[in-house]
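Can you build the whole structure from these sequences, using the hints too?
Note that the protein sequences, when read in sequence, are chains A and B. So that you can map any letter, position 137 of the first sequence is 137 in the working numbering, and since no number is skipped, the others follow by simple counting. Every position in the second sequence, counted from 1, becomes a number in the working numbering once 1000 is added.
What the hints contain is simulated information worked out from the structure, not anything from laboratory work. Fair warning: there could be bad hints in the mix.
Derived Cβ-Cβ restraints for the label pairs, each shown as a range [said to hold, decoys possible]:
#, chain 1, residue 1, chain 2, residue 2, range
1, B, D1014, A, N283, 49 to 55 Å
2, B, M1001, A, D217, 41 to 47 Å
3, B, R1204, A, E229, 52 to 58 Å
4, A, N283, B, D1290, 30 to 36 Å
5, B, D1290, A, T29, 33 to 39 Å
6, A, E292, B, Q1208, 37 to 43 Å
7, A, P221, B, A1215, 21 to 27 Å
Residues from chain B that keep clear of chain A, each with C-beta distances beyond 12 Å, as calculated [said to hold, decoys possible]:
#, residue
8, S1023
9, L1032
10, T1068
11, P1169
12, V1185
13, D1195
14, D1219
15, E1229
16, G1232
17, E1248
Note that beta-carbon positions come from the ideal geometry of N, C-alpha and C, so glycine has one too.
Okay, here's what each chain looks like letter by letter:
Number of protein chains: 2
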Amino acid sequence: MRSDELIEGVLAGDRRAVARAISAVEDGTDELEALSAGVYANTGSADTIGLTGAPGVGKSTLATELVTLGRERDLRMAVLAVDPTSPYTGGALLGDRVRMQEHATDPGVFIRSMATRGHLGGMALAAPEAVRILDAAGYDRIVVETVGVGQAEVDVAAATDTAVVVLAPGMGDAVQMAKAGILEVADVFVVNKSDRDGAGEVVRELRQMLHLGVARDWDPPVLTTAATEPEGIDDLWEAIEAHRTHLEATGALLVRRRARLLREVESLAAARFRVAVAERLTNEPRLADDLEARRLDPYRAASILGKP
Amino acid sequence: MRSDELIEGVLAGDRRAVARAISAVEDGTDELEALSAGVYANTGSADTIGLTGAPGVGKSTLATELVTLGRERDLRMAVLAVDPTSPYTGGALLGDRVRMQEHATDPGVFIRSMATRGHLGGMALAAPEAVRILDAAGYDRIVVETVGVGQAEVDVAAATDTAVVVLAPGMGDAVQMAKAGILEVADVFVVNKSDRDGAGEVVRELRQMLHLGVARDWDPPVLTTAATEPEGIDDLWEAIEAHRTHLEATGALLVRRRARLLREVESLAAARFRVAVAERLTNEPRLADDLEARRLDPYRAASILGKP
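Here it is in C-alpha cells:
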C-alpha cells in the first residue's frame, strides 16, 4: 500500500489501513512522516482517555466496559493498549482480555495493542501518533491503556485529555504511584475490585494523599468500581465526561493540547538532532578521539556538536 | 566557593568540595560546565560498580560490605546511591543503612545519596558526572547503587564498568527484570538473602533465563550472598575483579567506556538542543500557532526547528 493510499484508507476509517498505519508508527518506517502529515489536518475531534495502573488492577476489564457504554451512546470507540517497556506486543497485555472478544466483530470498535520496535522517540512519541491515526479514522473516544506505573507510563497517560488512574486492593500502593508522579497527572481515580478486602483503605489512603497536594481547579474524584460485575462503571463514564466538560468550559482543553503538542515537537526535534549528532561523531572520529583522550570534555563537545 | 577553588578542592580529594560538586551536579547549576571541564582530565582511574535490584533486596548492605572489603585492600571507596525517579535525596534510600555508619568516620570512604533536582539530562547524565567527580577526587572504586529496576535504573547501571544485579527470594521476579532489559546489562548476578526460603528457586530461574540468551564472551556468574552474615561477599568481590580483569584483557573496557562517553555526549547535546527548540517555540509563536491550527504537522515542524 502506498502512502497516499494508506492515508486515504485511514481517513475513510478502513480498519486494515488503520492497523497498517499503527504498525508503521511502531516500526518508525520512512513512510511515517508522510502518513503523519497526511492525517494531521483531520485530527482533534476525538476525546482521549488514559488508563494507568499497576498490572492486575483490572484496566483491560474497565476499558472493555467503557467501550460497551460508548457503544450504547452510539460512539465509535478505540482502545490502544501500550507497553512502553517492551518492543513486543501481545502476550499478557491482550492475552487475558477474553471479555474484549464481545466487541471483536463490532465495526464501531477498534482494539489494538502496541509496542515500539523502531520509533525514534519511544512510546512517548509513538503513542500520540497512533492516537492521531485513530482520531483521523473517526473514532470518537480513544482509550489508551498502559501496562504499569513507571515514568514511561506516566508520560503516556499525561498525553491524554483525561488521565484515569486505576488502583485495586493489594496491588501496589499509593505511595509508590505518588513517587512515579502519577498523582499529579491523574484527573480521575478509580479503586477497582471494590468488593475485595482493603478497598476502603485504598480509598482513604488516596484521599489523604490528595489532600496533601496543592488545590487545583479540578478536584480529581475518587470512584470505586467492581469491573467484573460491572458496578460503578456508569459513574466512571460520567466522571470522564464531566472532566472533559470542565476542560472545555475553562478553556483548559486547548491550553493542555497545545502544550502537549509543543512538548511533542520538541522531543521529536531533539530525537532527530541526536541521530544527526551520533552520525557526526561517527564521521568525525577526531572529536570522539579527543573526548576519549580527555583533551575535550563532554560539555565542550556538546557545544561543538550543537553547532551545525 | 568559586569554580576554580571547587575544582582544586575536588582534585585534592577534599570531602567538602566533593560534596558541593555533587550538589552542583544535582542542581544543574551554571558552574557545572566549568566544574565538569576542570575535573575531566583527571578521571579514568576509578573502577565503577553498579548495584541494581528491587527495593528490599539488600543493596545497601552489600554496598557496605564491599566498602569494608575495599578498605581491607587499602582502596579508597565511594558509594553513590541514586534515585532516578525522585528529585529528593535521603528518606528510605539512606535511612535504613545503619551499618554504613561504621564507615562514617573513615576518611578513605565517601557515601552520598543523590537525586536530580535541576540537571538537564536527568539521572542518566547526572550520575556519570557525579562519578567523574568521585573519580577525579581519587576514589579507587565507586559503587553506584540505584533504588529500583525501572528503565532509568537500567540506564544508570549500564553506565558502570561492572553492573551487578541483585535479587532476593520474594522480592520481584526475574521475568519483570528481564522485561526492564536488566538481564542484558548485568555482568554479575547476586541472589542475596540466600538463607531464606526460595533462594534456590531464584537461582534456578535466573540460570534458566540466562541460558535462553545469546552466548557472550563473558558469562555472568550467579552468586549467592547473605549480606547480613556476611557470607559470599568475598566471592562477589572476586567476581567483580574478575570481570574487570576480563574487560581489560579483551580491550572491552576501552570500547565500553568510549561508547558510553559518546552516548552521553549525544544525550547532552540533544538535551541542550531541546531547550533551544523550546525557546524558539516561545519566541516564534507563529510556528506554535500553525501547529495548533493543523496547518503544520509535527514532523514538518521538527524539520523546521532542526535548522538553526
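A quick look at each hint next to the structure:
1. Between D1014 of chain B and N283 of chain A the CB atoms are about 41 Å apart, so this pair departs from the stated range of 49 to 55 Å.
2. M1001 of chain B and D217 of chain A have their C-beta atoms about 44 Å apart, which keeps the hinted 41 to 47 Å range intact.
3. Between R1204 of chain B and E229 of chain A the C-beta distance comes to about 40 Å, which lies outside the given range of 52 to 58 Å.
4. Against the hinted window of 30 to 36 Å, the Cβ-Cβ separation of N283 of chain A and D1290 of chain B comes to about 33 Å, which satisfies the hint.
5. At about 26 Å, the beta-carbon gap between D1290 of chain B and T29 of chain A misses the expected band of 33 to 39 Å.
6. About 39 Å separates the C-beta atoms of E292 of chain A and Q1208 of chain B, a value consistent with the hinted range of 37 to 43 Å.
7. The hinted window of 21 to 27 Å between P221 of chain A and A1215 of chain B is violated, with their beta carbons roughly 54 Å apart.
8. Remark: the non-interface label on S1023 of chain B is consistent with the geometry, its nearest Cβ contact in chain A lying 18 Å away (cut-off 12 Å).
9. Remark: the non-interface label on L1032 of chain B conflicts with the geometry, its nearest Cβ contact in chain A lying 8 Å away (cut-off 12 Å).
10. Separation of T1068 of chain B from chain A is adequate, the least Cβ-Cβ distance of about 31 Å exceeding the 12 Å criterion.
11. With a cut of 12 Å on Cβ distances, P1169 of chain B stays outside the contact zone with chain A, its closest approach being about 20 Å.
12. Look at V1185 of chain B: its CB is around 14 Å from the nearest CB on chain A, clear of 12 Å, so calling it non-interface holds up.
13. The Cβ of D1195 of chain B lies farther than 12 Å from every Cβ of chain A, with a closest approach of about 27 Å, so its non-interface assignment holds.
14. Every Cβ of chain A is farther than 12 Å from the Cβ of D1219 of chain B; the closest lies at roughly 25 Å, confirming the non-interface assignment.
15. Separation of E1229 of chain B from chain A is adequate, the least Cβ-Cβ distance of about 30 Å exceeding the 12 Å criterion.
16. Even its closest Cβ contact with chain A, about 30 Å, leaves G1232 of chain B beyond 12 Å, as expected for a residue assigned away from the interface.
17. No beta-carbon of chain A comes within 12 Å of the beta-carbon of E1248 of chain B; the shortest separation is about 16 Å.
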